[in-house]
Structure formats: structure tokens, C-alpha cells
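Colleague: One-letter residues, chain by chain:
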Amino acid sequence: MGAIQPKVSEPVSDELMLVQRAKAGDVEAFEELVRRYDRNVFRIAQHITQNREDAEDVVQDAFLKAYNNLAQFQGQSKFYTWLVRIAVNEALMKLRRRRPERTVSLDEEVKTEDDSVPREVADWSPNPEQQYTQAELRDILDRTIHGLPATFRTVFVLRDVEGLSTEETAEALDLSVPAVKSRLLRARLQLRERLNKYFQRRDRSNGLQSKPSGGDGTR
Amino acid sequence: MKCSEFLHELTDYLDGVIDAPTKAELEEHLSWCHNCYVVCDTTKKTIEIYRDSKLYELPEDLESKLRSAIATRCKSHKKSGPEKTAG
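If you read the protein sequences in the order shown, they are chains Z and H. Its first residue numbered 1, the first sequence is counted upward by one per residue in this note's numbering. Its first residue numbered 1, the second sequence is counted upward by one per residue in this note's numbering.
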């Protein structure tokens, strides 16, 4: 069983030049940065806020904040990592305003060590996502990730959906690398567990799970 | 290796950032532990399904609306006196 192939990042060689031009007041250079990253920021914002209107606001507010604070960007990290950090903070603020009864913090303690131990181990059908239409699948994935705590969703989306490295995720979220790894493991395992009911291989006659066939032959 | 030890290393294993001896130990465990094999395989699928899902794609019309709103706000900020940067 091989490792997951990460997404390949777009080249950013000219990015620093765009940032320098934007710092000097060139709005068109900043607009180019917006074009590069608005889809990513929107995705991250909607994963965190779970609300489309909030995500739209976050995109606008995050880019405006980035523009207003370009002087603070010293170029030690990638512009995108710096932007993600701003966007995550804006999204968390939205979430706090929407759910004032619940404290939302990325560095909150994450319960016990046992909460990610798999309770249900059942093999999935081959290509389980193909059992559903695109719209059905999106609905399943949306509802499933919705149930995860904000701290887990955020780490998962940055690492596994957006393809940031563990170190970049730690930097963007102001967490330590071990904290990112621990949250990522729990997020992945909890999502897996929640998806079981949709993707589980079932015996055709009585609904019981069947033995896996051996899959890719690595066993 | 116990199952709990396997789980502890699962994230690094899936991310391919693990040293060769540990990787060999994990794969030895996978060769006989059905439960860990299934957890590992379905966790990998979970990640791939989310990564490929195009969940929360930004529609083109909304993207143009947002881009134009951001540009307007940046320009208006510039007119009202941008924070001068030292570079």
C-alpha cells in the first residue's frame, strides 16, 4: 500500500515580485494574487465556516486584510501560507460569531487518546465513490466533514485537500508539528469511520460485511 | 508491533515520511493484521475521495463578483491613504 501522492503546487517563482509590486501600490499585481488563490481561500473558508455566505465574506475580508498588511509580510514564508493564516483566522472569527455558545479554538485540548481508535472495521467496496452520483457524493462528504470539530476540519482541509505540508500547516495555524500530526490523524480516522456507513462493502444476500478480496495484492 | 503502535504511525506512513526500518515493520504488521490493513486502506481512500471531490468549488459567476469587490475595496483603500511600506 503506497503513500498518498500529494497535489503538485503551482510554480511561485514570480510571486515575490508580484508581492513587491503590490506593496508599492500596484493593485493589478495584487489582483493577480487574488486570481491565483481565491478558489483555495474560498474552499478553506467554507470548510471552516460550513456556510457559503460566510465563506464569501471571508474571501473578501482575508484578501483586503492581506492587502492592508502587506508591509507585515517579510517573505520568510510563502505568500500563500501567510494568506491562509489570515483566512483561517477570519473564518474562525465568523464561526465564533455564528456559534457564540461554543468556544472555537484551534489549540483547544482534544479529548482523550482513545477517541480516534477505530470502533468499526469494515472493508469498503472497490471505488466506493462510484456508487453515488456527483451530487450525492458531495452531499455525503459535506455532511460527514460538517460533524467534525473545527480544529480537525481545518487541519484536514489544509493538509489533505489543499496539499500544504505539515510544516506549512503548522505555520498557518500557529500550531506545533506534533499538534498538527495528532489532529490530522484523528481527523482522518474520524472521517473514515463516519464514511463507513456509505461505503461499506455489504454481502448481497444478508447485508453482512464480506471479506475483502485482497485488493491491490500488497497483503 | 501492536495495533495501537501501528495507528500511531499511520499518518506518517500514509504521507510517505517514514524511515525505512519503521516502514518495513509497519508493512510486516499489515501483512497479517486484517483490521489494520482495512483501516489503512479505507483511510487512504477517505483522503483521496475528499481531495478529488471538488467540494466547495467557487462558481465562476461568484468568483468574478468577489474579484471585482476585492479590487474595488483595495482601490478605495489606496485612495484613502495606503499604509506606506518599507518593502
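Hints in this document: simulated from the structure, not taken from any laboratory. It cannot be assumed that every hint is accurate.
What the hints assert, rightly or not - Result set (BS3-like, lysine-lysine): computed pairs, CA atoms no more than 25 Å apart in a straight line: (1) Lys54(H) - Lys44(H); (2) Lys2(H) - Lys45(H); (3) Lys65(H) - Lys65(Z); (4) Lys45(H) - Lys197(Z); (5) Lys54(H) - Lys23(H); (6) Lys197(Z) - Lys44(H); (7) Lys23(Z) - Lys78(Z); (8) Lys23(Z) - Lys45(H); (9) Lys197(Z) - Lys54(H); (10) Lys65(Z) - Lys75(H); (11) Lys54(H) - Lys23(Z).
Claimed, not checked - To give an idea of the interface, some chain H residues facing chain Z are shown, with a C-beta separation under 7 Å as derived from the structure: (12) Met1; (13) Phe6; (14) Thr22; (15) Lys23; (16) Cys33; (17) Asn35; (18) Val38; (19) Thr42; (20) Thr46; (21) Ile47; (22) Leu58; (23) Pro59; (24) Leu66; (25) Arg67; (26) Ala71.
Please read these numbers as outputs of a predicted model, since none were measured by experiment. Using N, Cα and C, we set each Cβ at its ideal position, and we do this for glycine too.
Colleague: State for each hint whether it applies.
Modeller: Each hint tested on the structure:
no.	hint	result
1	Lys54(H) - Lys44(H)	holds, 17 Å
2	Lys2(H) - Lys45(H)	holds, 23 Å
3	Lys65(H) - Lys65(Z)	holds, 18 Å
4	Lys45(H) - Lys197(Z)	holds, 14 Å
5	Lys54(H) - Lys23(H)	violated, 32 Å
6	Lys197(Z) - Lys44(H)	holds, 17 Å
7	Lys23(Z) - Lys78(Z)	holds, 15 Å
8	Lys23(Z) - Lys45(H)	violated, 42 Å
9	Lys197(Z) - Lys54(H)	holds, 21 Å
10	Lys65(Z) - Lys75(H)	holds, 13 Å
11	Lys54(H) - Lys23(Z)	violated, 33 Å
12	Met1	violated, 16 Å
13	Phe6	violated, 11 Å
14	Thr22	violated, 13 Å
15	Lys23	violated, 9 Å
16	Cys33	violated, 10 Å
17	Asn35	holds, 5 Å
18	Val38	holds, 5 Å
19	Thr42	holds, 5 Å
20	Thr46	holds, 4 Å
21	Ile47	holds, 5 Å
22	Leu58	holds, 4 Å
23	Pro59	violated, 10 Å
24	Leu66	holds, 5 Å
25	Arg67	holds, 6 Å
26	Ala71	holds, 5 Å
In terms of the numbered hints stated before, the structure departs from hints 5, 8, 11, 12, 13, 14, 15, 16 and 23, listed from lowest to highest.
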